Amino acid sequence: MIPLSRRERLRAATIDEIKTIAHQQMAEKGAATLSLRAIAREMGMTSPALYRYFASRDDLVTALIVDAYNSLADAMEAARSDCPPNDYRNCLLAIGLAYRDWALAHSQDYALVFGAPIPGYHAPKAITEPPAKRSMRVFITILATAAQAGKLHPTPAYANPPAKLQAQLLAWAKKYSLPPLVSVLYLALAGWSRLHGLVELEIFGHIDHVAKNAAELYRGEVLAFIEQAGIA
Numbered sequence: 001m002i003p004l005s006r007r008e009r010l011r012a013a014t015i016d017e018i019k020t021i022a023h024q025q026m027a028e029k030g031a032a033t034l035s036l037r038a039i040a041r042e043m044g045m046t047s048p049a050l051y052r053y054f055a056s057r058d059d060l061v062t063a064l065i066v067d068a069y070n071s072l073a074d075a076m077e078a079a080r081s082d083c084p085p086n087d088y089r090n091c092l093l094a095i096g097l098a099y100r101d102w103a104l105a106h107s108q109d110y111a112l113v114f115g116a117p118i119p120g121y122h123a124p125k126a127i128t129e130p131p132a133k134r135s136m137r138v139f140i141t142i143l144a145t146a147a148q149a150g151k152l153h154p155t156p157a158y159a160n161p162p163a164k165l166q167a168q169l170l171a172w173a174k175k176y177s178l179p180p181l182v183s184v185l186y187l188a189l190a191g192w193s194r195l196h197g198l199v200e201l202e203i204f205g206h207i208d209h210v211a212k213n214a215a216e217l218y219r220g221e222v223l224a225f226i227e228q229a230g231i232a
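Here the numbering used here is used: position 221 in the sequence shown is 221, and no number is missing along the way.
If you are wondering where the hints come from, they were derived from the structure by calculation, not from laboratory data.
In this text, all values refer to a predicted model and were calculated from it rather than measured experimentally.
What you were told as hints is all true, and nothing was included just to trick you.
Okay, derived cross-link-like pairs now, DMTMM-like style, lysine to aspartate or glutamate, Cα gap no bigger than 20 Å in a straight line:
no., residue 1, residue 2
1, LYS125, ASP58
2, LYS133, ASP74
3, LYS29, GLU200
4, LYS133, GLU77
Please model the entire structure based on the sequences and the hints provided.
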């Protein structure tokens with residue numbers, strides 16, 4: 001790899017500082033209040049100088065979203081790489097737990113990509129969709145590999161997706177370059193929705209008054225999904 005020039009290193013460091021301050025702003029006031037002018041002021045820069053790094057607030061938001069998706073996928077891929085190749089049950093458990101661990105450790109990033117939309121912001125799909133696909137692909141690949149190895153035997157509720165959903169699932173698979181296995185796609189969608197819902201309730205403080213030990217509740221639901229997916 002060719003080493004970065006001094007100018008490139010300084011530019012990268014400035015971009016990192018901009019993103020760090022942006023995260024601080026989001027933590028204090030939410031993503032909707034993100035302001036390039038305020039970031040420039042805190043950095044001791046003029047607004048026009050900061051625009052050389054990000055031409056608009058939306059460009060900065062997009063960069064933060066891409067970083068968040070890639071960070072989540074990195075965590076899930078790391079959990080997958082630590083598993084024995086054919087240990088589908090424990091791999092799926094590890095991936096599921098990694099999803100929650102990442103969300104709790106990066107709650108601002110989680111809120112940015114999965115929380116309320118930012119008024120006036122429209123994500124450029126050509127930029128944000130590729131990293132967004134990565135984490136879901138980790139989840140689906142485990143299920144698809146288990147199915148192809150004859151180690152996936154879902155309960156009837158998961159084995160037979162509603163007929164009206166099947167065409168949509170196949171279209172989704174084509175768009176995201178996923179295995180065209182309807183039962184696997186349905187399992188992935190249902191399982192992700194289930195686990196994502198629990199994490200969102202926890203992140204936004206809607207479950208602690210009912211379940212003080214959210215970690216055990218979540219782990220139990222991951223294991224229940226694995227059982228219902230019939231993963232051997």
